[in-house]
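With these hints in hand, go ahead and build the complete structure from the sequences.
Here the protein sequences line up with chains A and B, keeping their order. Residue 171 is where the first sequence ends in this note's numbering, and the numbering goes up by one at each step. Residue 105 is where the second sequence ends in this note's numbering, and the numbering goes up by one at each step.
Misleading hints may appear alongside valid ones.
[Claimed, not checked] Derived DEER-like restraints, expressed as beta-carbon distance ranges:
1. A:His-122 / B:Ser-87: 45 to 53 Å
2. A:Val-157 / B:Thr-94: 24 to 32 Å
3. B:Val-70 / A:Asp-136: 14 to 22 Å
[As the list claims (entries may be wrong)] Below, a list of computed lysine to any residue pairs in the SDA-like style, where the Cα atoms sit at most 25 Å apart:
4. A:Lys-165 / B:Val-26
5. A:Lys-165 / A:Thr-154
6. A:Lys-118 / A:Glu-54
7. A:Lys-165 / B:Leu-103
8. A:Lys-165 / B:Ala-76
By construction, these hints were calculated from the structure, which means they are not laboratory data. Note that the coordinates shown come from a computational prediction; the quantities given were computed from them, not determined experimentally. Don't be surprised by glycine CBs; every beta carbon is placed ideally from N, CA and C.
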Amino acid sequence: MLDGLTIADIVFWILASLILVAGTSVVMARNLVHAALFMVLTFFGISGIYVLLEADFIAVVQILIYVGAIAVLIMFGVMLTQREDMGETNAYSAHGRSAAIVVGTFLLVIIIALSATKWLIHPQAALPETVGPIADLMLTTFVIPFEAVAILLTVAVLGAIILSKGARRTP
Amino acid sequence: MILHVSLNHYLILAAILFCIGLYGAVAKQNAISILMGIELMLNAVNINLIAFNRFMQPAILVGHVFSIFVIALAAAEVAIGLALVLSVYRDRRTVNIEDFNWLKW
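In structure tokens:
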């Protein structure tokens, strides 16, 4: 049964089970700090999936931004808002059960739709390096979205500072 | 053979991860857990984009560019979200979304 499996297949299954176990633990962990740490593990697994899909730049960006910035920010948020003991900080809201039913149905619908679809697969090798082509696309075809995202990031950071510090009228 | 990885495997992995994130975003009480659920959903979307790019259009990296945009938006979203949560926490001393009921009467 296992013959004919390539290394990439085995790595995919290991990474997929890591992602799904860690992702489930993000939701199921009782302690919010543990949930955030499991989220870091999920991000590392997803970065491995990107390496498997030969997207080296995105894999590095994933680790830099998600693990390096977003997970640390969320950790800060946890530490700044939980003062008492961390035991039951990741509780369910009142509609946990109905949410499970809706999400389960949604997943079932997606999987049925996916398995019923025939994709137009291009059997072609990936590009040997992705940084140059990404830069070309970003600075030619997608230059306006690129600038828009730059403005949005600036505005978001300013907004975050004002929201957390409070705007003060200068005399 | 089902163990051989194809595009569908990546898509189903992303679908399951999306649903885990959606469940976390809908069924949790703590505002920060909701943010974590949203991060998981955005990551699932990125897996989809990269997988479609790899299997259907490997020569043009539009999917990579889109996923970089998604990552940038996720960073902006989490910064704003945490600033909101912190300012609500300063006001109300809680991050439980069931207590966020100013607009309710």
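Comparing the hints with the structure gives:
no. : hint                             : result
1   : A:His-122 / B:Ser-87: 45 to 53 Å : 48 Å, holds
2   : A:Val-157 / B:Thr-94: 24 to 32 Å : 26 Å, holds
3   : B:Val-70 / A:Asp-136: 14 to 22 Å : 20 Å, holds
4   : A:Lys-165 / B:Val-26             : 29 Å, violated
5   : A:Lys-165 / A:Thr-154            : 16 Å, holds
6   : A:Lys-118 / A:Glu-54             : 23 Å, holds
7   : A:Lys-165 / B:Leu-103            : 23 Å, holds
8   : A:Lys-165 / B:Ala-76             : 17 Å, holds
In terms of the numbered hints stated before, the structure departs from hint 4 and from no other.
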